[in-house]
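Asker: Line by line, the protein sequences give chains A and B. The numbers in this note's numbering rise by one with no breaks, and the one at position 40 of the first sequence is 40. The numbers in this note's numbering rise by one with no breaks, and the one at position 56 of the second sequence is 1056.
Just to be clear, a hint being listed does not mean it is correct.
As the list claims (entries may be wrong) - Simulated crosslink set (DSBU-like; lysine-lysine; CA at most 30 Å straight-line):
id	chain 1	residue 1	chain 2	residue 2
1	A	Lys189	A	Lys163
2	A	Lys73	A	Lys46
3	B	Lys1033	B	Lys1071
4	A	Lys46	A	Lys163
5	B	Lys1079	A	Lys73
6	A	Lys189	A	Lys44
7	B	Lys1021	B	Lys1094
8	A	Lys189	A	Lys101
9	B	Lys1079	B	Lys1033
10	A	Lys44	A	Lys101
11	B	Lys1037	B	Lys1071
12	B	Lys1071	A	Lys44
13	A	Lys151	A	Lys46
14	A	Lys46	B	Lys1122
15	B	Lys1021	A	Lys44
16	B	Lys1033	A	Lys46
17	A	Lys163	A	Lys151
18	A	Lys189	A	Lys168
19	B	Lys1076	A	Lys46
20	A	Lys44	B	Lys1033
21	A	Lys151	A	Lys101
22	A	Lys44	B	Lys1037
23	B	Lys1076	B	Lys1021
24	B	Lys1033	B	Lys1021
No lab work stands behind these hints, which were simulated from the structure alone.
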Amino acid sequence: MKITNFYSACLLLLLMFSACGNSDSVGIGQFDNAVIESSANQNKFKQITFTLDVMNNGNEYLNIHRIDSIRLKVNGRSWGVFASESIDTTGNTTHIDQGLKFSSSHISYLVIAPYVLSTDQLQTAGDFVRYLGDRIALAPGDYVCEVSEVKFRNLSGEWTRVKPQAYKNFTVVANTTSSYLGHISITIK
Amino acid sequence: MKQYIAIPILAIFALSSCVEKESKIRVQNMLPKALVKNVEWGGIPISSQILPGQTSGTIIVYEDEPYYDIKLPASKPVKFYISLNGDLVYLQTKASFQLNEDDDLTIVIADTTQVFNPLLEKSFSIRNLLKNEPK
Chain A
1 MKITNFYSAC LLLLLMFSAC GNSDSVGIGQ FDNAVIESSA NQNKFKQITF TLDVMNNGNE
61 YLNIHRIDSI RLKVNGRSWG VFASESIDTT GNTTHIDQGL KFSSSHISYL VIAPYVLSTD
121 QLQTAGDFVR YLGDRIALAP GDYVCEVSEV KFRNLSGEWT RVKPQAYKNF TVVANTTSSY
181 LGHISITIK
Chain B
1001 MKQYIAIPIL AIFALSSCVE KESKIRVQNM LPKALVKNVE WGGIPISSQI LPGQTSGTII
1061 VYEDEPYYDI KLPASKPVKF YISLNGDLVY LQTKASFQLN EDDDLTIVIA DTTQVFNPLL
1121 EKSFSIRNLL KNEPK
């Protein structure tokens, strides 16, 4: 039993060291360590940012530490699942409804969303070709971002899930790597 | 008279036994939109670049290639780069391809060809080992 624990500890250490190496690379997908990027095409568009308000029917703002899960799509294609940046909203609560704190003051959550290319594994030459192709997230042009799902915890620790279907258009300018979408508001019914 | 007939026959026999047998090998790229670059089989360079749908030129491999440490018959994987939009990734086929004496072999790299990158394979097997570790 002790030998097994020692073996696990060694493997975990090995994985931690390899993870340290991975953090240095500015990648899009989990297999990017094997990809040599073209010098002519290094400024790939990688990130969208925006601020998000969550309101109730009385136009009060949700007051929590952070929004745990925000699922995004761009032009109908998965962009990734993200958490908002944490904020301190102590003392802003106006009232509590169904275990959720609300405030009459304006509260916005900052969402920084780098493109996540989710690929389980690469087995065939075709898989690798698709992986290389999908690493170019967005070419210059106009796009629409959809907030397809938002999840956060109430005061009891239970999940509240909202499917807002909120849309925001944005433009990708040539040779830029990120874009600020502005402000998105969603309402809890 | 018999001597005059026997000498040429023996000479032809001796010459034919000295001629090395040769095999032919080439690679075809059936990957849509992707270039296959720096293709090699058993260390023998096959082509520097193959466009989609193109077949490389034919490479002659002799039964004994000491420079590449190859003696036919030999079974080796194909190693190559895939290039898309200028980005490169190095790959090896999981399968080995057998080249016999007097063979004429065309290796096709297609969508379904099983491949791996040694760097990714290493980190993937460590993750799998941890996943399967008894609790």
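Asker: Confirm or reject each hint.
Answerer: Hints and how they fare:
{"no.": "1", "hint": "Lys189(A) - Lys163(A)", "verdict": "holds (10 Å)"}
{"no.": "2", "hint": "Lys73(A) - Lys46(A)", "verdict": "holds (14 Å)"}
{"no.": "3", "hint": "Lys1033(B) - Lys1071(B)", "verdict": "violated (35 Å)"}
{"no.": "4", "hint": "Lys46(A) - Lys163(A)", "verdict": "holds (25 Å)"}
{"no.": "5", "hint": "Lys1079(B) - Lys73(A)", "verdict": "violated (37 Å)"}
{"no.": "6", "hint": "Lys189(A) - Lys44(A)", "verdict": "violated (38 Å)"}
{"no.": "7", "hint": "Lys1021(B) - Lys1094(B)", "verdict": "holds (28 Å)"}
{"no.": "8", "hint": "Lys189(A) - Lys101(A)", "verdict": "holds (15 Å)"}
{"no.": "9", "hint": "Lys1079(B) - Lys1033(B)", "verdict": "holds (19 Å)"}
{"no.": "10", "hint": "Lys44(A) - Lys101(A)", "verdict": "violated (40 Å)"}
{"no.": "11", "hint": "Lys1037(B) - Lys1071(B)", "verdict": "holds (25 Å)"}
{"no.": "12", "hint": "Lys1071(B) - Lys44(A)", "verdict": "violated (47 Å)"}
{"no.": "13", "hint": "Lys151(A) - Lys46(A)", "verdict": "holds (24 Å)"}
{"no.": "14", "hint": "Lys46(A) - Lys1122(B)", "verdict": "holds (27 Å)"}
{"no.": "15", "hint": "Lys1021(B) - Lys44(A)", "verdict": "violated (51 Å)"}
{"no.": "16", "hint": "Lys1033(B) - Lys46(A)", "verdict": "holds (23 Å)"}
{"no.": "17", "hint": "Lys163(A) - Lys151(A)", "verdict": "holds (9 Å)"}
{"no.": "18", "hint": "Lys189(A) - Lys168(A)", "verdict": "holds (20 Å)"}
{"no.": "19", "hint": "Lys1076(B) - Lys46(A)", "verdict": "violated (39 Å)"}
{"no.": "20", "hint": "Lys44(A) - Lys1033(B)", "verdict": "holds (19 Å)"}
{"no.": "21", "hint": "Lys151(A) - Lys101(A)", "verdict": "holds (15 Å)"}
{"no.": "22", "hint": "Lys44(A) - Lys1037(B)", "verdict": "holds (23 Å)"}
{"no.": "23", "hint": "Lys1076(B) - Lys1021(B)", "verdict": "holds (19 Å)"}
{"no.": "24", "hint": "Lys1033(B) - Lys1021(B)", "verdict": "violated (37 Å)"}
Hints 3, 5, 6, 10, 12, 15, 19, 24, counting from the list given before, are not met by this structure.
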